[in-house]
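Heads up: the protein sequence lines correspond to chains A and B, in order.
Okay, so the first sequence: first residue is 955 according to my numbering, each after it adds one.
Okay, so the second sequence: first residue is 9 according to my numbering, each after it adds one.
Hints in this document: simulated from the structure, not taken from any laboratory.
Heads up, a few of these hints could be off.
[What the hints assert, rightly or not] Restricting the straight-line Cα-Cα distance to at most 30 Å, the calculated cross-link-like pairs of lysine-lysine (DSBU-like) are: (1) B:80 to A:1419; (2) A:1424 to B:12; (3) A:1565 to B:18; (4) B:12 to A:1565; (5) B:80 to B:18; (6) B:18 to A:1419; (7) A:1546 to B:18; (8) A:1546 to B:12.
[As the list claims (entries may be wrong)] A short, non-exhaustive set of chain B residues, derived as facing chain A with CB atoms under 8 Å: (9) 28; (10) 32; (11) 34; (12) 54; (13) 65; (14) 70; (15) 78; (16) 79.
In this text, a Cβ means the ideal position worked out from N, Cα and C, and glycines have one as well.
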Amino acid sequence: MFKGGFIQNLPKIYGLYTGGFAVFIILMAIAEQAGVSAKNIGVMFVAFTVCIYAFIGYLSRTVQVDAYYVAGRSVPTVFNGMATAADWMSGASFVALAGGVYFGGYTYMAFLVGWTGGYVLVATLLAPYLRKFGCYTVPDFIGTRYGGNLVRACSVFVLFIASFTYVTAQINATGTIASRALGIPFELGVWVGLISILICSMLGGMRAVTWTQVAQYIVLIIAYLIPVFWISSKVGGGVFPHLMLGDEVARLGALEQQFGLVKNSAADMKAAGVPGGLKYISGPHSAVPAGGMAVWKYLSLAICMMVGTASLPHILMRYFTTPSVRAARKSVAWSLFFIFLLYSSAPMLATLSKLALMDPNLPTGIIGKSISDVQSIEWVQRWSEVKQVFIADFNGDGILQLNEWFMRGDVVVLATPEVAGLPFVISGLVFAGGMAAAMSTADGLVLAISNALSHDIYYKIVNPKADTAKRLIVARVLLVIIGAAGAYIASFRLTSILGSVAWAFDFAMSGLFFPLVLGVWWKRATREGAIAGIIAGILSGLFYLLWVYPKFSMAIWGVTNTPWLGIDHLRFGMIGAPVCLVTMVVVSLMTKEPDAATQRMVDETRIPTGKAILGKQH
Amino acid sequence: MSNKDAHWAKTRGHMIVTLVLWFFFSLVLFMFGTELNTMSFLGYPLAYYMTAQGSLLAFVVILFWTANKQEKIDEEFGFSEREDD
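Chain B extracted, bound-state conformation (with noise of 0.2 Å):
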């Protein structure tokens, strides 16, 4: 397998955890609304919460994290730019 290959399979993988996680905070708990919101978070029944704040704030640090773990998949093969680049 050559560096390329190596560095898309790794991305490719990377990729599908970012998904597994946006697919649980954007669909996957909703699908329990009614469960979820017998139980509270900050005062807020969580379904409320989940959908008004949390699942947003979510996919907010979900992002950052995802951006940053890349750039250490790109350093790792040597796809790292350059900061002038």
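Just chain A, with the same shape it has in the complex (with noise of 0.2 Å):
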């Protein structure tokens, strides 16, 4: 059955695991009839696809450096695409960006247009002549083309600062998952999702990450699209939902009209002590929000998702392992379709789920009902036990309007199955997507922290005549080292001081973006303007960071700050990332210019055919 080597079966190998998937998911639901407890097919859900993981993790594992560091540089350009796309969506895409757009409408899409339309920067400007480079890692590029160690420790500063605060929401998200699903207390779910992830990268590092991540994308996008496709079906959205909404849309519109969209005031909320962390509908869904500021704060925050996408290292670094050049630009191509899958069908779950509770004339509604017939059905009260969602009579009516419906935005793909009567079965696959989605993109974060760690600092900076068993030790070593340090933060639910994942985006956009761009597109940029750009980009974002989001100002300075021009702490890349330009640029001109054999370099990298620029080992 299976003639040739594992990358000519991978068709076969993928083809029989999604079968078995789907064996699997159907003997859950011949379970479930025969009266196995929702909580224990939620178990066996969560734990049959992570041990499936862990298996492929130990098979892929290896004691060759550029398998470790690059997979080998064999991944086809197709399964490439999927594992980039698993490493991309996050937990946090999977389980909240439904629910952002459920509450956020048209202005909250902003960040789908930004975390798609940022692949195209990726394909033109840098996958292609990275991949050609031939580096292990984004500082080794950086490093290589600048010349220096002290150049290559300033991005791996960069890299660090961004990755981490990204990793941290990751394994946060593993943990809740794993304790929902498996009905332990969160500080042990989120070690349970540590060593799942260890477990999948740590023998085979980047290797062991790829084959787990084409695994874990495909019972993600499964997990995701079945739902949203029932759903739709079942409350008469029509059997393709992505082209079929139209008029749920404007009924959603014509419902905002009838209900009202009302702001409440804080002192009403702490009042009725709404639980933190929960929102209500105060936007609209489809309508545009008139005026200026509000088409800046659209395009601003593309503009910092889309150009921190281009410099997210565990992105970046997926494209380090396909065969070629060109295979890395079609790879390229795929990951935005696969991924393109997900984030398209997200509104569409946002808009079916807000009409299941909005309309009055569907089975499911709840707005505009008594609040005593709400309070009594069975997952309003399941979920409102586990604060999740909560309801306030402000107006004492004892009716249901949309202003005194809160709810937590995780909600909207946890539990709408459950809202439109779907068996418990998808419900459990909804989880096992899940988990998927964190654990694939924690692995890729960490093995991204860990590999600059032991390659850049220790290999190249600290200890060079190390030797490959000794070098693989220390990678492994730092994986364990940062993904403890990583779950230890989460298990203190830390997290909320460091704020949002976009701040990883802005990060990096303010130091990385524009010394890897002009360090291909630019000879004259030098070493020193490398630097000083990374520096003054990075330190002017965390600066403007300090200064503007009201937690910390309040902390330092004791004031808070209103925003310049509308750049809030969710765009501060808007300041990093121009001064890291400008800075970049003006030093470069001031010094002299790159000597002849850097920019021979240069000339090489810019062309996909011959040697690359860093051997194959080393």
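Could you fit the two chains together into a complex? Lean on the hints.
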């Protein structure tokens, strides 16, 4: 059945895997009918999928440097696309994206454009050239192109800040899902999540992470799309929601008019005791907010997310694993295709979920019904108990108004199957999908950080004479340390002080985007320019964040500041990146032009053929 | 102009075309959100459709197109990689 090598058989292997997963879902559905409890089905879903990832991680173990760092540069285009999509779509994307659209409507969807449009920048400006360069890590490119340990260390520093901000949120998400699905305390869930992540990545590095990410993508996309299509046909949205929800979107607009979009005062919400993190609908679903400021806020958020995407090391390094430069280019296109499948479905899920709750003509509708009736609904009771939904009767009329219904964003993905009356097997599937999404991103991030530390700091700077065995031991030890540090922070729920995952994008764009792009596209860029640019970019971004984010500015200066030009804490890259660009250009022009060898190196990077700049083993 | 320089000039031109398309679908469209929303596509208000699906789809198409075009440029100047590379 399996002639030829592993790579030739990939479609067969993953085809079988997908079939096996489908059989597992059917078995679970039968088990549910036979009376197995909902809780046990959730446990089996998560345990079964995590064991498979661990098994793949074990099979992919390696003792070779290039297999550990870049999966032997043998990952075919389409599979690398799937792995990147899993690497990209985090637990937050999976459980929170639809919720964000649910509450934020049009304004929030700047994230959708930002998180996809960035791939055009990746494909045209960076991925093929970094692949040709032959580096193991992103700082490896910066260190070799500009030359010297200082610039290498600076880029590792930016990578560390950006990726670590991101990874604690991911380990947090793994912990949340593990604790809910397995019925264990959150603190324990975090460590269970960490162990699952490490089993996948420790033995085989990039090779193991690649093959588990492909498996995780398959699980997460099935888990996202089945409920969307099923709910849509169940609530009368049509069999293909993406093309057929026009009337539903218009209906939501009419319902918003009917119920009115009311803003609650902070004092009212505090008096009613609305739990933290719960939101209510106060903005329109599809209408565009009027005014130049609203347009600027949309555009600036999209710019930050796009440029940040093109600077995040855990994404760029996925394109080091393809067999050729053209494969790297094609692979970016496939990545975005696989991401598109989920991202284009999130607004549809938000629309369906919103309509199911808001439309009084639907049996699932709750807005405009009597509060005592709503409180007796089973799913409302269950999610109220865990403080995920909340009702506050502000006007005291006993009728649930739109501004009186509070909900956590995650509930949109996690509870809509239940609200629409789907069997629990679907909820179990959604848990497995969320776990896959959170694990795959955490894997990629932890590996990006530990690879940069082990390759760029340990091997290139501290101990260049280290042999292969020693390098790989150091890489694995660092992997465990970074993972444990992330889990430690997550287990104390300190993540709230780290704010939003959007920060990771802003940090990366402030310090890495222009040094990377100009390294390829501007021969005149010098080492001094790069060092000055990285430092000025990251420091100005960081300083602006401290100044603009109320929690920080209160702690440091005892004041809150009004964002300058509407650039709030989600958008501080709008400050850091231009500062980085200007500093880098000015300092480069002031310093001596790079030597002939460096210029030749850039010329070589720009053509797809010929030897890589850095050898196969370096 | 050497072969390498000519290849790079053409690559750079192609990069600019791609980024103009990208700029249009990611930013220019949404400068006119209010106006676009008065039109409709598949029954959706147009600006809503573009941010939820349309621009995302446009990026996917741009990426496949740009990769193919760049391969042709590489071929033209003899920088095409062998399949078994």
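These are the hints, each one checked on the structure:
no.	hint	result
1	B:80 to A:1419	43 Å, violated
2	A:1424 to B:12	41 Å, violated
3	A:1565 to B:18	22 Å, holds
4	B:12 to A:1565	15 Å, holds
5	B:80 to B:18	11 Å, holds
6	B:18 to A:1419	42 Å, violated
7	A:1546 to B:18	28 Å, holds
8	A:1546 to B:12	24 Å, holds
9	28	11 Å, violated
10	32	11 Å, violated
11	34	4 Å, holds
12	54	10 Å, violated
13	65	7 Å, holds
14	70	6 Å, holds
15	78	6 Å, holds
16	79	6 Å, holds
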